[in-house]
Structure formats: C-alpha cells, structure tokens
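Full structure from sequences and hints, please.
Here my numbering is used: the first residue of the sequence shown is 1, the next is one more, and so on.
One or more hints might be untrue.
[Claimed, not checked] Quick list of the computed label-pair ranges, beta carbon to beta carbon:
id: 1; residue 1: R11; residue 2: S115; range: 26 to 32 angstroms
id: 2; residue 1: E183; residue 2: A83; range: 35 to 41 angstroms
id: 3; residue 1: Q123; residue 2: G43; range: 20 to 26 angstroms
id: 4; residue 1: D172; residue 2: V116; range: 33 to 39 angstroms
id: 5; residue 1: R173; residue 2: G12; range: 35 to 41 angstroms
id: 6; residue 1: R173; residue 2: R79; range: 32 to 38 angstroms
[Claimed, not checked] Here are the simulated DSSO-like pairs of lysine-lysine, each with C-alpha atoms no more than 27 angstroms apart in a straight line:
id: 7; residue 1: K26; residue 2: K38
id: 8; residue 1: K152; residue 2: K38
id: 9; residue 1: K167; residue 2: K31
id: 10; residue 1: K152; residue 2: K5
id: 11; residue 1: K8; residue 2: K31
id: 12; residue 1: K167; residue 2: K152
id: 13; residue 1: K31; residue 2: K5
id: 14; residue 1: K167; residue 2: K42
id: 15; residue 1: K42; residue 2: K152
id: 16; residue 1: K26; residue 2: K5
id: 17; residue 1: K26; residue 2: K8
For the record, the hints were derived by calculation from the structure and aren't laboratory data. Given the structure is predicted, the values throughout are model-derived calculations rather than measurements. Backbone N, C-alpha and C fix where the C-beta goes; we use that ideal spot for every residue, glycine too.
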Amino acid sequence: MKTTKYPKSRRGASRRGKIAVLKRAKVTNGKLGDRVAKGRWKGLPIYALTLTERETCPATCHHWGDCFGNNMPFAHRWRAGSALERAVEAEVATAMERHPEGIVVRLHVLGDFYSVGYVRMWQRLLDRHRGLRLFGYTARPPRGRIGREVVKLNRAWTRCVIRFSQKDAGPDRTRTRRWAVGEDAEASDAFGCPEQTGQAEDCARCAACWQSLRPVKFFTH
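See below:
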C-alpha cells in the first residue's frame with residue numbers, strides 16, 4: 001500500500017478556498033489543544049495541516065505499516081502539490097492578520113514533507129511572518145535531500161522545531177536535530193510523550209516537544 005487506507009478522504013486544494021487546508025486544532029484534533037498554555041509560545045492559537053499518509057512519506061518510515069492514519073477514516077487528507085502550497089501561503093497570511101501576535105502550525109498530523117520545494121515554502125513563510133511558529137515530526141533522514149532542508153528550517157529553533165522520527169535517536173542531538181523515537185528506543189534520556197502518558201491534557205498544555213532537546217518517546221497507537 002502506497003497511500004491511505006481511505007482514498008475517498010483525499011481532497012485537492014481549491015483556488016476558491018471553500019474548505020480551509022489549515023484547521024484550528026481545537027475543532028479537529030483534541031490531542032493538540034486550542035492555545036499554547038506555557039513556555040515561549042504561550043497564548044498562541046494552534047492550527048494543523050493534514051496530508052495523505054504514505055503518498056508523502058518515505059518508505060523507510062518505521063510506522064509505514066502501522067501508521068495511526070489507519071485508524072483515522074474521517075480525516076481530511078490534502079493532496080500534495082502546487083495547489084496545496086498556494087492555499088497554505090494564502091491561509092497563513094490570513095491567519096497572521098487574524099492573530100498578529102502569532103500562530104502555531106502543527107506539521108503534519110498525517111503525511112510528511114514531500115519535496116525540497118515544499119520545505120523551502122515553509123522557510124519562505126517563516127522569513128515572511130515573524131509570528132509564525134512550526135512544530136511537528138518527519139520520517140525523512142536528516143542527511144537526505146529533504147531532511148537537510150528540514151535541518152535548515154530548524155535553524156530558526158525558537159520558532160520552528162521539527163523532530164526527526166526514527167526508531168532511535170541519532171548521535172547528534174542539537175537544536176536543529178531533535179528526535180522522536182519509538183517505544184523500544186534505547187535512548188536513556190528519552191521522555192515519554194506526556195499527552196500519551198496522561199501527564200498533560202494535550203500538546204498545548206505540555207510544550208515539551210518544541211522546548212526540550214531530549215528525545216520524545218511515542219508509544220504505538
């Protein structure tokens with residue numbers, strides 16, 4: 001299988017933008033929460049972007065077969081490409097007008113960075129909108145073509161934290177190379193996701209993923 005189990009849930013972005021590609025997290029994903037409640041991004045509203053799992057992901061992803069998207073039949077999955085990117089740029093600009101203090105975008109509830117050009121689009125948006133914050137995870141290896149661009153994206157580490165999702169953490173643990181690991185990882189300094197372990201109600205009330213340098217350990221959904 002090279003795409004989602006739910007192909008009818010895929011959508012193409014429209015020029016008219018009748019359906020937003022960026023969704024307020026409080027409406028679509030209770031695990032994310034509404035507004036960040038602590039840390040340096042406190043008070044900022046959270047938006048989320050969902051792509052199509054597997055179609056945009058590397059086949060080397062260690063959750064290729066058991067992706068938690070397998071259990072999300074009702075998610076709106078956006079097709080990758082130029083139409084999506086135009087919609088994202090327009091909607092980020094609109095959201096920034098609505099929230100001049102800034103916004104947080106969770107990349108990606110499903111799916112992954114699918115091209116060098118797509119990563120560079122997010123770099124342009126970070127450069128253009130100083131209030132924009134990004135966090136998320138990628139199965140792209142940090143030394144691959146796309147992964148190297150993500151490392152560059154993370155140079156704005158006070159505003160962008162994309163963790164590299166692997167079975168275990170790599171040896172280089174820096175602000176530009178933070179890790180998300182599996183439940184069997186050997187990383188002794190990894191901490192279990194507080195939302196999964198019940199220590200935090202949601203991501204908005206936790207903030208550890210975009211503040212801590214330690215690897216975060218996720219448990220199989």
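Hints, verified against the model:
1. R11 <-> S115: 26 to 32 angstroms: violated (19 angstroms)
2. E183 <-> A83: 35 to 41 angstroms: Hint holds: Cβ distance 37 angstroms, inside 35 to 41 angstroms.
3. Q123 <-> G43: 20 to 26 angstroms: holds (25 angstroms)
4. D172 <-> V116: 33 to 39 angstroms: violated (21 angstroms)
5. R173 <-> G12: 35 to 41 angstroms: holds (39 angstroms)
6. R173 <-> R79: 32 to 38 angstroms: Roughly 35 angstroms apart at Cβ, these two residues keep to the hinted range, so it holds.
7. K26 <-> K38: holds (17 angstroms)
8. K152 <-> K38: Answer holds: K152 to K38 is near 26 angstroms, not above 27 angstroms.
9. K167 <-> K31: holds (23 angstroms)
10. K152 <-> K5: violated (33 angstroms)
11. K8 <-> K31: It holds: about 24 angstroms lies between the C-alpha atoms, which stays within 27 angstroms.
12. K167 <-> K152: Since the Cα atoms of K167 and K152 sit roughly 22 angstroms apart, the hinted pair holds (cutoff 27 angstroms).
13. K31 <-> K5: The given pair, whose Cα atoms are some 22 angstroms apart, holds under the 27 angstroms limit.
14. K167 <-> K42: The hint is violated at about 31 angstroms.
15. K42 <-> K152: This hinted pair holds, its Cα atoms lying about 25 angstroms apart.
16. K26 <-> K5: holds (25 angstroms)
17. K26 <-> K8: holds (24 angstroms)
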